[in-house]
Amino acid sequence: MTLTPTPLALLLCTSLALTAAAGQQSFDFKDPKGVNNAAFRLDAPLEAISGTANGVSGTITYDPENPASLHGKIVIAAASLHVPNPMMKEHLHGEQWMDSKKHPEITFESTKVSNVKTAGNETTADVTGKFTLRGVTKEITVPVKLTYLKDKLGARSNGQMQGDLLVVRSKFTIKRSDYGINPGAPADNVADEIELTLSLAGAALKS
Amino acid sequence: MKRFLNASAILIAAGSLTLRLATGAHRGWTKTSVAVEKTDEVTGLTYTEYEKRFVAGVEILAAGLAVASALGVASCFFGRRPAKPANATIH
Chain A
0 MTLTPTPLAL LLCTSLALTA AAGQQSFDFK DPKGVNNAAF RLDAPLEAIS GTANGVSGTI
60 TYDPENPASL HGKIVIAAAS LHVPNPMMKE HLHGEQWMDS KKHPEITFES TKVSNVKTAG
120 NETTADVTGK FTLRGVTKEI TVPVKLTYLK DKLGARSNGQ MQGDLLVVRS KFTIKRSDYG
180 INPGAPADNV ADEIELTLSL AGAALKS
Chain B
0 MKRFLNASAI LIAAGSLTLR LATGAHRGWT KTSVAVEKTD EVTGLTYTEY EKRFVAGVEI
60 LAAGLAVASA LGVASCFFGR RPAKPANATI H
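Residue numbers (numbering that gives the first Met the number 0), protein chains in the order written: chain A, 0 to 206; chain B, 0 to 90.
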C-alpha cells in the first residue's frame, strides 16, 4: 500500500505546523538604550578586574508556551569591553588577552535546552550551546532565567513600538586557560576563573 | 639646593596624599571612569554606566612617596659643611 498525500492531508499538516509555530517569537537583542550587558570579574591582587560589555546583538526564538524550544545566538562585540583603568583596558584588548582586533566577536549559540521549569512568566533552564571566545569554541551549559514580558515593549519605548520583551539573565564561570586568554599570567596573580553575568532584554515587535 | 630638594619632597608627598584623599581614597588602581549601577524600570535589569572621573589609585600615592623619598635622600648629599681638619687652630 502506498500513501499518497491528498490536498486535505497537506492542508491539515500545514495548519498543524503553523499552529505549533504560532507561539514562537523572534526576539532581537540589539539594544539602542545600552542596557543589555555582559559583566565580567576576575580575582586579582589588590583589586578584582571587573568590567562590562554592552555591544550586544543577536536573536532568540522563544515560545512562552513551549520554553524548551528556545534557540538562538547572542553576540557581544569584543571592542565594547570596558574596564575603568585605561592601562588595564589597553592590555585587555591586546594580543595577550582578548586580541579584540583579531577576534571581534564573543558568541553563544544554543543547541539544547534542558531542565526547564516554568512558574508564571518566569522560566529557568539549562541551556547548552557553543561558546566562542578569542577564536576558541567550546560546548558549555549555562543556567538561564527567562522572563517573558507580554506587551511591555511599548512601556520601554515610550509607546513608539508595540510588542513583547524577553529578559534573559545568566551567571556562569569559564576558565581563561580554556580560551587561551593570557596563558602566561600565573593564576596566583590573576585568577583563572572568569565570572560572567549576562543581563539581556530582547524585543519582539508586533505589527 | 638642600632646602629646595627638601621642600620638593614634602610638596610631592603631600600632593600625592592630598590627590588620593580628594578623589575618594580609593584602595585599588587608578581609574579614569567610575561605574554607576542603574536599573531599567521595565525589565528590572541592572546595568552599568561609566562617568568620566579621575580616581587616584595606590600607585599614584606609591610613586609620589617614592619620588619624595628619593629627593629627601638626595638632599642629604647637598649643603654638607666640609669637616674641619683635626689640627685646625682657632685664632
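If you're looking for bench data, these hints aren't it; they were derived computationally from the structure. Keep in mind the model is a prediction, meaning the values are calculated, not measured. Yeah, the Cβ is synthetic: ideal placement off N, Cα and C, and Gly gets one too. Check before you lean on any hint, since a few could be wrong.
Unchecked claim - Simulated coverage check for chain A against chain B, where a stretch passes if three residues somewhere in it have a Cβ under 8 Å from a Cβ of chain B:
1. 27-34
2. 52-66
3. 84-94
4. 183-189
Verification of the supplied hints:
1. 27-34: holds (count 3)
2. 52-66: As far as the segment 52-66 of chain A goes, the hint is violated, because 1 residues have Cβ atoms under 8 Å from chain B.
3. 84-94: holds (count 3)
4. 183-189: Our answer is that it is violated, as 0 residues pass the Cβ test (under 8 Å) against chain B, missing three.
Of the numbered hints stated above, those contradicted by the structure are hints 2 and 4, listed in ascending order.
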